[in-house]
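Novice: Sequence:
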Amino acid sequence: MKQKIGIIGFGNMGSAIAERIKSDYQLFVFDKEREKTRNVRNIEIVDNVADLIKKADVIILAVKPQDLTAVFNTILSDSGKNVIKDKLFISIVAGITTKFIEVCLGKVRIVRVMPNLPAKVGRGMICLCKGKHANKTDLDFVKQLFEKLGKTLIMEEKMIDKSTAISGSGPGYFYYNSEGKDINEIKSMALGFAASLTVTAEEIGFSLSIARTLAETTVAGSIVYLEETKLSPKDAEMQVASRGGTTEAGLEVLHKGGSLTDAVKAALKRARELGKKIKFIRVG
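In numbering that gives the first Met the number 0, the protein residues as written are 0 to 283.
Honestly, I wouldn't trust all of these hints.
Stated by the list, open to error - DSSO-like, lysine-lysine: derived pairs with alpha carbons at most 30 Å apart:
#1 Lys98 <-> Lys255
#2 Lys142 <-> Lys131
#3 Lys255 <-> Lys233
#4 Lys54 <-> Lys21
#5 Lys86 <-> Lys106
#6 Lys157 <-> Lys63
#7 Lys21 <-> Lys180
#8 Lys129 <-> Lys106
#9 Lys147 <-> Lys233
#10 Lys275 <-> Lys229
#11 Lys54 <-> Lys1
#12 Lys84 <-> Lys98
#13 Lys106 <-> Lys268
#14 Lys53 <-> Lys84
#15 Lys131 <-> Lys264
#16 Lys21 <-> Lys63
#17 Lys1 <-> Lys35
#18 Lys147 <-> Lys53
#19 Lys54 <-> Lys129
#20 Lys106 <-> Lys180
#21 Lys1 <-> Lys86
#22 Lys147 <-> Lys3
#23 Lys180 <-> Lys157
#24 Lys233 <-> Lys63
#25 Lys129 <-> Lys53
#26 Lys233 <-> Lys135
#27 Lys129 <-> Lys3
#28 Lys84 <-> Lys63
#29 Lys86 <-> Lys54
#30 Lys86 <-> Lys180
#31 Lys157 <-> Lys84
#32 Lys21 <-> Lys106
#33 Lys157 <-> Lys275
In case anyone wonders, no lab produced these hints; they're calculated from the structure.
Please model the entire structure based on the sequences and the hints provided.
Specialist: Dropping the structure here:
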């Protein structure tokens with residue numbers, strides 16, 4: 000019997016996760032924009048969040064931060080805490096802490112994950128941490144799950160926003176620097192860019208070994224993504240940079256002539272802002 004996993008949100012990353020794991024798990028998906036799930040195969044599309052919660056054992060939150068309040072209110076009003084207490088939640092929502100989710104939903108088991116765009120081709124850099132009520136078995140399960148999408152790294156939660164600014168947004172910086180170059184030129188600049196990103200990762204608090212892992216895995220995966228999708232660097236960059244997100248904040252700095260370090264710091268600032276801006280107001 001395959002384990003049942005539900006994914007709320009079917010954007011770039013939600014769909015990427017689904018495609019990489021659907022052969023090994025029974026998947027349920029909901030997205031409020033129905034056209035996103037119209038042509039999906041080998042995945043059960045459900046009509047609402049409440050149905051997904053009831054059917055799945057593991058719930059992946061893959062929505063934008065500003066959509067979380069509506070999702071949580073639906074979970075609590077239609078499903079109730081008795082339904083969710085035995086579920087494992089996985090959040091890939093940028094800037095949102097496990098503590099915030101625990102405050103909203105109660106004593107739920109939550110593992111926070113930060114993947115990046117190359118996860119779509121199995122070459123992602125994925126950082127993880129667990130919440131207060133999750134256990135080692137939960138963390139090991141999520142690590143194994145996301146190894147289907149790339150390289151995984153467990154870290155303290157205080158470093159997750161920083162990983163968002165480095166590996167999460169890193170492909171966007173790399174594609175910006177690759178604009179107008181062919182794939183051979185891009186590969187020739189990769190080593191130097193990875194070295195610069197490593198230094199920047201150190202500057203914001205990562206050890207050298209982790210900084211190097213984040214930077215080199217991000218750059219290598221970004222190249223593979225270009226090769227497999229045949230996208231131009233500009234088009235790939237646009238896939239990373241969601242409106243109002245961390246990558247967009249970093250790219251704005253680069254567009255103005257700022258340094259890579261300045262771009263990373265702007266992305267980190269935005270990640271932290273996202274977490275502070277979202278307020279949970281219980282309806283009803």
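Novice: Each hint needs a verdict: does it hold in this structure or not?
Specialist: Each hint, compared with the structure:
1. A threshold of 30 Å between alpha carbons decides the hint, and for Lys98 with Lys255 the separation of about 36 Å lies outside it, so the pair is violated.
2. Proposed proximity of Lys142 and Lys131 is supported: the alpha carbons are some 17 Å apart, at most 30 Å.
3. Only pairs whose Cα atoms come within 30 Å are accepted, and Lys255 paired with Lys233 is accepted, the gap being roughly 17 Å.
4. Between the alpha carbons of Lys54 and Lys21 the distance comes to roughly 16 Å, so the proposed pair stays at or under 30 Å and holds.
5. For a cut-off of 30 Å, the pair hint linking Lys86 to Lys106 stands: about 11 Å separates their Cα positions.
6. Distance hint between Lys157 and Lys63 is fulfilled; the C-alpha atoms sit about 20 Å from each other, no more than 30 Å.
7. Taking the CA atoms of Lys21 and Lys180, the gap is about 35 Å. The hint is violated against a cut of 30 Å.
8. With a C-alpha separation of about 13 Å, the suggested pairing of Lys129 with Lys106 holds against the 30 Å cut-off.
9. Distance restraint check for Lys147 and Lys233: the Cα-Cα separation of roughly 27 Å lies within the 30 Å cut-off, and the hinted pair is therefore satisfied.
10. For the suggested pair Lys275 and Lys229, the alpha carbons sit about 37 Å apart, so the restraint of at most 30 Å is broken.
11. A distance of roughly 13 Å separates the Cα atoms of Lys54 and Lys1; the hinted pair therefore holds under the 30 Å criterion.
12. The suggested pairing of Lys84 with Lys98 holds, with an alpha-carbon distance near 16 Å, which does not exceed 30 Å.
13. Only pairs whose Cα atoms come within 30 Å are accepted, and Lys106 paired with Lys268 is accepted, the gap being roughly 29 Å.
14. With a C-alpha separation of about 11 Å, the suggested pair Lys53 and Lys84 falls inside the 30 Å cut-off, and the hint holds.
15. Taking the CA atoms of Lys131 and Lys264, the gap is near 28 Å; set against the 30 Å cutoff, the hint holds.
16. Restraint check for Lys21 and Lys63: the C-alpha separation of about 22 Å stays at or below 30 Å, so the hint holds.
17. This hinted pair checks out: Lys1 and Lys35 have alpha carbons roughly 25 Å apart, not beyond 30 Å.
18. Restraint check for Lys147 and Lys53: the C-alpha separation of about 25 Å stays at or below 30 Å, so the hint holds.
19. Between the alpha carbons of Lys54 and Lys129 the distance comes to roughly 23 Å, so the proposed pair stays at or under 30 Å and holds.
20. Distance check on the hinted pair: Lys106 and Lys180 sit about 50 Å apart at the alpha-carbon level, beyond 30 Å; violated.
21. A hinted pair counts as satisfied when its Cα atoms are at most 30 Å apart, and Lys1 with Lys86 qualifies at roughly 16 Å.
22. As the CA atoms of Lys147 and Lys3 are separated by approximately 16 Å, the hinted pair is consistent with the 30 Å bound.
23. Simply put, Lys180 and Lys157 have alpha-carbon atoms about 36 Å apart, too far for the 30 Å limit, and the pair is violated.
24. For the suggested pair Lys233 and Lys63, the alpha carbons sit about 23 Å apart, so the restraint of at most 30 Å is met.
25. At most 30 Å may separate the alpha-carbon atoms for a hinted pair to count; Lys129 and Lys53 meet this at roughly 23 Å.
26. For the proposed pair Lys233 and Lys135, the alpha carbon gap of about 40 Å is over 30 Å, so the pair is violated.
27. For the hint pairing Lys129 with Lys3, the CA-to-CA distance comes to about 20 Å; that is within 30 Å, so the pair holds.
28. Proximity of Lys84 to Lys63 is assessed by CA-CA distance (about 23 Å); at most 30 Å being required, the pair is judged to hold.
29. A C-alpha spacing of about 10 Å is found between Lys86 and Lys54, which places the hinted pair at or below 30 Å, so the restraint holds.
30. Taken as a hint, the Lys86 and Lys180 pair is broken in the structure, with Cα atoms around 47 Å apart against an allowance of 30 Å.
31. For the given pair, Lys157 sits about 25 Å from Lys84 by alpha-carbon distance, which is consistent with the 30 Å threshold.
32. Restraint check for Lys21 and Lys106: the C-alpha separation of about 28 Å stays at or below 30 Å, so the hint holds.
33. As the CA atoms of Lys157 and Lys275 are separated by approximately 14 Å, the hinted pair is consistent with the 30 Å bound.
Consistency note: the structure conflicts with the earlier hints numbered 1, 7, 10, 20, 23, 26 and 30.
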